[in-house]
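As a plain string of letters, each chain reads:
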Amino acid sequence: MKRKYFAYPYIVWMILFIVVPMFFIFYYAFNVDGTWTFRKCWETLTDGQKWRVLLMSVEIAFGTTAICLLLGYPIAYILSNMKKTVAGFISVLFFVPMWMNFVLRTYAWRAILEYALPDMLGFKTTLTGTVGAVLMVLVYDFLPFMVMPLYNTLSKLDKSLLEASRDLGADGKKTFFRVVLPLSVPGIVSGVTMVFVPAITAFTVPALIGNGNYNLYGNEIEQAFKVLAGKGDYSIGSTMSIILLICVLISTAVMNHFDNDKEGGSIL
Amino acid sequence: MKKILCLVLAFVLLSAFAACKSTVEVDENTFADGDQYETIGGELNVLNWGEYIDPELIELFEAETGVKVNYIEMTSNEEMLIKLRSSDSPYDLCFPSDYIIEQMIREDMLQPLDMSKIPNAKNIDPKMTEITNIFDPGNKYSLPYMWGTVGILYNTTMVDEPVTSWGILWDEKYAGQIYMYDSLRDSIGITLKYLGYEMNTRSEEEVAAARDKLIEQAPLRKGWGTDDLRATMENGKAAMCVIYSGDAFCSMDAVEDLAYAVPDEGSNVWFDNVIIPKTAKNIEAAHAFINFLNDGNIAARNTEYIYYSTPNKAAMERLDTYFTENETYNPPQEVLDRCEIFHDLGDFTDVFTKAWSAIKSAN
Numbered sequence: 001m002k003r004k005y006f007a008y009p010y011i012v013w014m015i016l017f018i019v020v021p022m023f024f025i026f027y028y029a030f031n032v033d034g035t036w037t038f039r040k041c042w043e044t045l046t047d048g049q050k051w052r053v054l055l056m057s058v059e060i061a062f063g064t065t066a067i068c069l070l071l072g073y074p075i076a077y078i079l080s081n082m083k084k085t086v087a088g089f090i091s092v093l094f095f096v097p098m099w100m101n102f103v104l105r106t107y108a109w110r111a112i113l114e115y116a117l118p119d120m121l122g123f124k125t126t127l128t129g130t131v132g133a134v135l136m137v138l139v140y141d142f143l144p145f146m147v148m149p150l151y152n153t154l155s156k157l158d159k160s161l162l163e164a165s166r167d168l169g170a171d172g173k174k175t176f177f178r179v180v181l182p183l184s185v186p187g188i189v190s191g192v193t194m195v196f197v198p199a200i201t202a203f204t205v206p207a208l209i210g211n212g213n214y215n216l217y218g219n220e221i222e223q224a225f226k227v228l229a230g231k232g233d234y235s236i237g238s239t240m241s242i243i244l245l246i247c248v249l250i251s252t253a254v255m256n257h258f259d260n261d262k263e264g265g266s267i268l
Numbered sequence: 269m270k271k272i273l274c275l276v277l278a279f280v281l282l283s284a285f286a287a288c289k290s291t292v293e294v295d296e297n298t299f300a301d302g303d304q305y306e307t308i309g310g311e312l313n314v315l316n317w318g319e320y321i322d323p324e325l326i327e328l329f330e331a332e333t334g335v336k337v338n339y340i341e342m343t344s345n346e347e348m349l350i351k352l353r354s355s356d357s358p359y360d361l362c363f364p365s366d367y368i369i370e371q372m373i374r375e376d377m378l379q380p381l382d383m384s385k386i387p388n389a390k391n392i393d394p395k396m397t398e399i400t401n402i403f404d405p406g407n408k409y410s411l412p413y414m415w416g417t418v419g420i421l422y423n424t425t426m427v428d429e430p431v432t433s434w435g436i437l438w439d440e441k442y443a444g445q446i447y448m449y450d451s452l453r454d455s456i457g458i459t460l461k462y463l464g465y466e467m468n469t470r471s472e473e474e475v476a477a478a479r480d481k482l483i484e485q486a487p488l489r490k491g492w493g494t495d496d497l498r499a500t501m502e503n504g505k506a507a508m509c510v511i512y513s514g515d516a517f518c519s520m521d522a523v524e525d526l527a528y529a530v531p532d533e534g535s536n537v538w539f540d541n542v543i544i545p546k547t548a549k550n551i552e553a554a555h556a557f558i559n560f561l562n563d564g565n566i567a568a569r570n571t572e573y574i575y576y577s578t579p580n581k582a583a584m585e586r587l588d589t590y591f592t593e594n595e596t597y598n599p600p601q602e603v604l605d606r607c608e609i610f611h612d613l614g615d616f617t618d619v620f621t622k623a624w625s626a627i628k629s630a631n
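Going down the list, the sequences are from chains A and B. Numbering-wise, the working numbering puts 100 at position 100 of the first sequence, and it's gapless, one number per residue. Numbering-wise, the working numbering puts 416 at position 148 of the second sequence, and it's gapless, one number per residue.
Isolated chain A (complex conformation):
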């Protein structure tokens, strides 16, 4: 009985920093100058411009996730087949950059793409402000989130299953696609979720690396708050936040669905 008191700080934390802000977002989305209305909400929902930006955000998030998966899976696979000590050392190397602040790392990339790299290659212009640069820095930032869950899943894989597969006559390729890959789905799912969700909500990277050319949904929300809130109008930004929240919920639900299918198949 007493043990539940230990949960109280966490509950207080959740209420203060998750429930209360959420309440404000919903409050401001539907409340304009003290009256409850759907007018502003509707205005946001029917604004084709904003949907186009959302579409681009989803595209960029998909791109980031796909590249992270394609790069991350081989890395995690190779790591999981190494000696534990070597693999541990290399995975620490993967995490070291993450000890530094995310915004600082993005600024560092900005300096690299704007000055260091073009000067080295003898380009006249900068490499920032392109969709490729934005994608690259996003991949750089989120790759560890893909590698780590994959590595955890793959290293826990029962090696006797692989031996059994070989015993039964499957070659390396077949073993990989019929045994390793299906068994690593939980790792793929959590990796994809951990990359897709921050990628779709990213706004520092497009702002700093994209030169303002590639405004994603996060930037659009910032813009809505920065420009409109000066007039006390929070409803457009709040509505957009809710839309983004729904996108995140949908993507998480889809991911969980995959996960459940493979493990139990009983739900849904």
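For the record, the hints were derived by calculation from the structure and aren't laboratory data. One should not assume that every hint holds.
Example chain A residues on the side facing chain B (calculated, C-beta under 7 Å, incomplete) [what the hints assert, rightly or not]:
| id | residue |
| --- | --- |
| 1 | Gly129 |
| 2 | Gly212 |
| 3 | Lys226 |
Okay, the calculated bits of chain B under chain A, using three or more residues with CB under 8 Å as the criterion [what the hints assert, rightly or not]:
| id | region |
| --- | --- |
| 4 | 339 to 351 |
| 5 | 461 to 470 |
| 6 | 531 to 540 |
Think about it this way: if two alpha-carbon atoms lie no more than 25 Å apart in a straight line, the pair counts; the simulated PhoX-like pairs of lysine-lysine are [unchecked claim]:
| id | chain 1 | residue 1 | chain 2 | residue 2 |
| --- | --- | --- | --- | --- |
| 7 | A | Lys226 | B | Lys581 |
| 8 | A | Lys40 | B | Lys622 |
| 9 | B | Lys390 | B | Lys581 |
Just so it is clear, the structure is predicted and the values come from calculations on it, not from any experiment. Note that CB positions come from ideal geometry on N, CA and C, so glycine has one too.
Got chain A sorted already, so can you dock chain B onto it with the hints?
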């Protein structure tokens, strides 16, 4: 060997520290008007643009008055407005631009200035207060702090034709080498001017035309910038950008190849004025700080440090001809004649905001 190195290092550090200290010491010549400041005490929360004051002046003011200054920076007028609107806004002093002051006066957010506490206000050029009079009738709520124009900063090694029109920003020759200023009023404003309209237009068709023109520019544009544009231009990473005159002058001072032009179609002349919001707490110290900034010597030191043009006549008399005869710093009358001041657009701001959002997300 190590010991010697340590000693040398310690000595260097100490002397650097002493050098820092000495500039803050008050000497006879610090104040042009022989001002003696009384000790006021308390804290003063100042909200200002980035790199927009000589930081030593803050230390000097603190030493003179015993006021502890908390200096906070902002990046846009709109952001400042959000900060000042919050119910527990701590700010005693702020430096917004013309059209925002007009809006703040309309919304009754400002405290009238007590001119008897700002004797140095007499140093301000009457020609300047005549202009600021447009958005703050009688200069009741604000005094000009810095002013300037909006124009094009270009690299003469990449652009060898004279820059006389905003149209050069749409010239395909410079594709991928053009930066625009990431500010709603400025970017749409100059485009309106280019198309031959007024910057303070209230016509939806004209704003739509400017919007389409800026969307059409997207493939030529390298990006949008603000304070980072100076570094980009100084490092020769772009052929041209839209920028404020003060930043342009600062970059031209650092790199010879840069030049600044205010196009013939006309542009924006802007003022950043100092104001005291209604919510201010240390009003005494706020007035003392305004008076301090308007001292001839102090204003001259400040403008020499930040390169933005001062409206202070007493300071102008003290400045080197390097400043006063520079057309970027001190634009001739014919340039000012073709420049407009921004006005608060009231409800029409929505039209601008929508256009801006469409421009920023077009690719």
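I'd like to know which numbered hints this structure contradicts. Please list them from smallest to largest. Checked against the structure, the hints that fail are numbers 5, 6 and 7, while the rest are satisfied.
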